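Following the hints, put chain R in place on chain W, whose structure we already have.
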Amino acid sequence: MATEKGMNITLKVWRQKNGQSKGALETYELKDVSPDNSFLEMMDILNDQIIMKDGSPVAFDHDCREGICGSCSMYINGEPHGPGRLVTTCQLHMREFKDGETIYVEPFRAKAFPIIKDLIVDRSAFDRIQHAGGYISVNTSGNTQDANSIPIDKKDADRAFDAATCIGCGACVAACKNASASLFMSAKISQYALLPQGQVEAKNRVLAMVKQAEDEGFGPCSNTGACEIECPKGISLENIARMNREYLSASITSK
Amino acid sequence: MKLDSKIPEGPLKDKWTNYKNNINLVNPANKRNIDVIVVGTGLAGGSASATLAELGYNVKAFCYQDSPRRAHSIAAQGGINAAKNYQGDGDSTYRLFYDTIKGGDYRSREANVYRLAEVSANIIDQCVAQGVPFARDYGGLLDNRSFGGVLVSRTFYAKGQTGQQLLLGAYSAMNRQIAKGKIEMFNRHEMLDVVVVDGKARGIIARNLVTGEIERHSAHAVVVASGGYGNVFFLSTNAMGSNVTASWKVHKRGALFANPCYTQIHPTCVPVHGTQQSKLTLMSESLRNDGRIWVPKNLEDAKAVREGKLKAVNIKEEDRDYYLERRYPSFGNLVPRDVASRAAKERCDAGFGVVNNDTNEGVFLDFASAIIRYGKEQAHLKGMHNPTDAEIQGLGKEVIASKYGNLFDMYKQITAENPYEMPMKIYPAVHYTMGGVWVDYNLMTTVPGLYAIGEANFSDHGANRLGASALMQGLADGYFVLPYTIGDYLADDIRTGKISTELPEFAEAEASVKSQIDTLINNKGIHSVDYFHKQLGLIMWNKVGMSRTAEGLKEAIEEIATLREAFWKEVRVPGAADELNQELEKAGRVADFLELGELFARDALEREESCGGHFREEHRTEDGEAKRDDENFTFVSAWEYTGKPSEAILHKEELIFENVELKTRSYK
Chain W
1 MATEKGMNIT
11 LKVWRQKNGQ
21 SKGALETYEL
31 KDVSPDNSFL
41 EMMDILNDQI
51 IMKDGSPVAF
61 DHDCREGICG
71 SCSMYINGEP
81 HGPGRLVTTC
91 QLHMREFKDG
101 ETIYVEPFRA
111 KAFPIIKDLI
121 VDRSAFDRIQ
131 HAGGYISVNT
141 SGNTQDANSI
151 PIDKKDADRA
161 FDAATCIGCG
171 ACVAACKNAS
181 ASLFMSAKIS
191 QYALLPQGQV
201 EAKNRVLAMV
211 KQAEDEGFGP
221 CSNTGACEIE
231 CPKGISLENI
241 ARMNREYLSA
251 SITSK
Chain R
1 MKLDSKIPEG
11 PLKDKWTNYK
21 NNINLVNPAN
31 KRNIDVIVVG
41 TGLAGGSASA
51 TLAELGYNVK
61 AFCYQDSPRR
71 AHSIAAQGGI
81 NAAKNYQGDG
91 DSTYRLFYDT
101 IKGGDYRSRE
111 ANVYRLAEVS
121 ANIIDQCVAQ
131 GVPFARDYGG
141 LLDNRSFGGV
151 LVSRTFYAKG
161 QTGQQLLLGA
171 YSAMNRQIAK
181 GKIEMFNRHE
191 MLDVVVVDGK
201 ARGIIARNLV
211 TGEIERHSAH
221 AVVVASGGYG
231 NVFFLSTNAM
241 GSNVTASWKV
251 HKRGALFANP
261 CYTQIHPTCV
271 PVHGTQQSKL
281 TLMSESLRND
291 GRIWVPKNLE
301 DAKAVREGKL
311 KAVNIKEEDR
321 DYYLERRYPS
331 FGNLVPRDVA
341 SRAAKERCDA
351 GFGVVNNDTN
361 EGVFLDFASA
371 IIRYGKEQAH
381 LKGMHNPTDA
391 EIQGLGKEVI
401 ASKYGNLFDM
411 YKQITAENPY
421 EMPMKIYPAV
431 HYTMGGVWVD
441 YNLMTTVPGL
451 YAIGEANFSD
461 HGANRLGASA
471 LMQGLADGYF
481 VLPYTIGDYL
491 ADDIRTGKIS
501 TELPEFAEAE
511 ASVKSQIDTL
521 INNKGIHSVD
531 YFHKQLGLIM
541 WNKVGMSRTA
551 EGLKEAIEEI
561 ATLREAFWKE
571 VRVPGAADEL
581 NQELEKAGRV
591 ADFLELGELF
601 ARDALEREES
611 CGGHFREEHR
621 TEDGEAKRDD
631 ENFTFVSAWE
641 YTGKPSEAIL
651 HKEELIFENV
661 ELKTRSYK
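These protein sequence lines map, in sequence, to chains W and R. According to this note's numbering, the stretch in the first sequence is residues 1 to 255, in order. According to this note's numbering, the stretch in the second sequence is residues 1 to 668, in order.
The following block holds chain W by itself, in its conformation from the complex:
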C-alpha cells in the first residue's frame, strides 16, 4: 500500500461506435495516475476526463472487479488481460506499467465475439456452448441422495474443482491464433467427466458442446498453449487432452 509518485501515461484506445461502424485507435494522455490504482480505476479516471470534456466515455465490460465474474475483457499491449499472469484486467494494477509508457487497449478479437461498442464484445456464443451440454440433468427437487453417499477421490474432486474455476472471460479465445474455444469447453467437460455425477451424460455432452463451438465459428485447437499462458485462472491444457480423449471415445462408442 505504498503511496508512490503518480505516473504519466499515454493510452491508445480502440473506439468503435457499434457493431456496424468502423473502429480506430484514439490517443489519450493521463497525468498523475497512482500506481496503486487498478487498471480499471485508471480507465474510470480517463472516462471522467472525457465526460468533463463533453466526449463519449469508453465503453468496457466490468463488474465484480475482483477477478471472478469474468466480465472484463480487454486486450492490453497485445495480451488478453494485459501483462502479468493469472490475473484479470480488473486485478491488474498500474504498478505493472512504467511512468511515461504508451499502453494499447483493444477489445478481444475473434469472429465468434463480435464487437458491440468500443471494448465490449458479444460473448453469448459461450453461453450457447453451455446450453448445448454444460449441465447434469438432475431436477432441483431436493430429493437427491445424500451428498456423502458417493465418496469421490480427493484428487479427482480437486481436479474437477480446478477445471470448474473457469470464469468464462474468453481470454483463451482471444489469445489463440485460431480463436479456438477448446480451453473453455474442456474446462466444463473435464469438471463433469471427473465426477461420477457427470459421467452418465459424458458422451452426449462432449459431442454436443464441440459441435456447438464449431457452429459458432470458433477455430480448431492446434496445441500452441497460448490459452493456458493467458488464462487468468490457470486452467490447464490437460483439460483439452481430457476433452480430446472423451471426444474420441464418444465418437467411436456413442449409440
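FYI, nobody ran anything at the bench for these hints, they're computed from the structure. One should not assume that every hint holds.
[Stated by the list, open to error] With beta-carbon atoms standing in for the labels, derived distance ranges: (1) R:G332 / W:K111: 55 to 61 Å; (2) W:A241 / R:K376: 34 to 40 Å; (3) R:R326 / W:R95: 42 to 48 Å; (4) W:E238 / R:A350: 29 to 35 Å; (5) W:A241 / R:I494: 51 to 57 Å.
[As the list claims (entries may be wrong)] Here are some chain R residues the structure puts well away from chain W; computed CB gaps all over 12 Å: (6) I7; (7) R253; (8) K376; (9) S512; (10) S515; (11) E658.
None of these values were measured; they are calculated from a predicted model. The beta carbon of each residue, even a glycine, is placed where N, CA and C say it ideally should be.
What follows is chain R alone, placed relative to chain W:
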C-alpha cells in the same frame, strides 16, 4: 395497512411440512399457460428460474450482465452452511435455527429462519448431484470449516470460491432449461419498473442495454432477485453494477421496504488506498479460522508501523494486542461480523490502526501461528523427526495455500505485499444488506403476485447475517421455497390467459421510465454521475456507517436530500438514450440510491436501540457492547412509499418469539 406475515399454524418444526401439504397446486398442463418473470440471475434468481422452468412454467429471466453466470453471487468466497452434522459435533436443524436467530440479534422471524435451517441440508445434496465440486477429505467425503458466531463446523466450501461454484451450478441448471426453451433469457437487460394491473404484479418495463430500447414484458407473477443495496455507500464489496433499482421501483409501486438500516459491515476487507478507488475487496471470513487479528499494544509501535519504520513481524508477542481473543475469549477470532467490525473500529479510533491511509484504518490478520501449527502437524504425519523451522514453515505454507491460495494471491495482487511472509492488513467494509423488500412467509411482497427472494428481501437474517448464510438463503429461496409458495398463488391464474402488454398500465409505466431517461440525458449538468455517488457514499459511511448517532443521522438526512436536488440539477449524462450508454445506466441507479439513502438514515434514526449491524452510540452497555431494547423495538420496520422518502409511513410487524428466549447476545 395491516401487515400479515402469514405464518402457518402449528409447532415450529411442523409449519413448513403442514404448509406444503395444504397449498394449492397447479397441474402440469396448466403450468404451460403461466408466465413468470425473474429479475436477477444470482443464486436466488438463477435457482428460482431453473426450478420454475423444470416445474413447467414459462420463465423469462433478466440480468444486466452479459451472462447469468456473472451475477455477483459469483464472488462469495467462504462457504455455505447446512445442518448436516457430518462432523458429529452436535449440529442440528434446531441449532442452525438458533444460531441464526441469535446471530441476527433476535430481529428475524422464527418461522422463516426455521424453514431455512430445515431445507439447508437438501441444498448440499442438490448441489453435489449437479456436479458442484465441494472440498473433500482424503476419504472422499465432504469437508467442513467453521464460520463466525457458531461453535460447530457446518460450512461446506470450494476453496475460497464457493459462491462461484454454487452459481455455476445454478447457471448449469438454467442452461438445461434455456436449451429446452423453458427459460427465455434476457441478458444485458435492466428492469426499470414493475407493472401493476388491478392490484397485481403483471409485468415489467426493461431497457435493452445494447440498443437502448424500452421493452414491455408481461407475466402472471414477478420475482425480484436483484440482490442488495450496499453500493449506496459507493465503496463496498459489491460489484460495480449492483444496485437497488429493481427493489426501489417495486417499493415505489407499493411494496413495503423493511429494515433498510440493517447493513453488514464485513470485518475482513482490504483497506481503502486512495480517493480514486472504485471498490473494496473482501478477504473471506474463513480466514478467521486460521488467522489471528491484532494491533500493536503500544501507540508508538502502531505509529512506527504506519510510517513504515517497523515491521509487524518484528513486534514481540507480548507487545501485540489480540483484541478479539482478549475481549471475547469463548469465540475469539470467530465472533460474528458486526462484533468483529466494531472492535476493529474501536482500536483504530483509539489510535492503534496500522495502515497509512487518511484515517489510519487497518488491523493485522496474521497466519504465522497457523503456519507453524499446520507445519508441525504435516511433519508429524510424514514421520519427520526433528524437522527444522524452515521445513515446518514450508509445510505449513503448503497447507495454508491449499486452503486459501486464491485469497492470498488476490491480496498480493492488490497490495503488492506477500501475506505468507507478512500479516495481512484488513479493515471492515460494507458487504451485505439484511434489509430489503418486505415479504411474508410466502416470500410475497405487499403487492400480490410480486415476490422478492435472496438478498433483495429482508426476511431471514434479522439485524446481522452470519457468515456462509447468504448462499444458503439464496438457494433455499430459489430451489426449495419459492417454487412451492408461488404455485399456491398461481393456482388462481390458470384461466387468466396471456397478459396483454397493451394495457394502459404498461403504457403508463413505460412513459414514466422514458421520461426519467429523457430528463437525465437532456440535463447537461456540470458533474459526472460518480461525483454524486461518491458524495453520497461519504455521507453514508461517516454518518450512517458502523456507528450512528441521532445528531449525525439527522444531518445525513438533510445532506442526502440536498445532494439529491443537486443531482437532478447538475448531473451530466453524455451520449444518447438509444445506444449502449453505461453512464445512463449508472445515473438511473444513483438516482434510486439517493432516495434509498434518505430512508435508510431515517430508519436508523427511528430505531432507538443497538442491534446487530445497527449500532447507535446512545445505546450501548458500559463495556461498549450493543444494547437492544426488546420492550420497544422487537419489530420489523416496514416503510410505505408515499411520494418522498421523508414522508414514508412506518408500519410495524411485531416479532413473536415462541421458541427461543430473548437474551443479551454474548460471545464472551
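These are the hints, each one checked on the structure:
A hinted range of 55 to 61 Å holds for the C-beta pair G332 (chain R) and K111 (chain W), which are about 56 Å apart. In this structure, A241 (chain W) and K376 (chain R) meet the distance hint of 34 to 40 Å, their C-beta atoms being roughly 38 Å apart. Under the hint 42 to 48 Å, the C-beta atoms of R326 (chain R) and R95 (chain W), about 37 Å apart, miss the expected range. Separation of E238 (chain W) from A350 (chain R) is about 53 Å and departs from the stated range, judged on CB atoms against 29 to 35 Å.
Evaluation of the 51 to 57 Å hint for A241 (chain W) and I494 (chain R) yields a pass: the beta carbon distance comes to about 52 Å. In this structure I7 (chain R) is separated from chain W by more than 12 Å, as the shortest Cβ-Cβ distance comes to about 22 Å. No beta-carbon of chain W is positioned within 12 Å of the beta-carbon of R253 (chain R); the least distance is around 27 Å. Every CB of chain W is more than 12 Å from the CB of K376 (chain R) (nearest about 22 Å), matching its label as outside the interface.
For S512 (chain R), the shortest C-beta to C-beta distance to chain W comes to about 26 Å, beyond the 12 Å cut-off, and the non-interface label holds. Look at S515 (chain R): its CB is around 23 Å from the nearest CB on chain W, clear of 12 Å, so calling it non-interface holds up. Under the 12 Å C-beta cut-off, the non-interface status given to E658 (chain R) relative to chain W holds; the minimum distance is some 27 Å.
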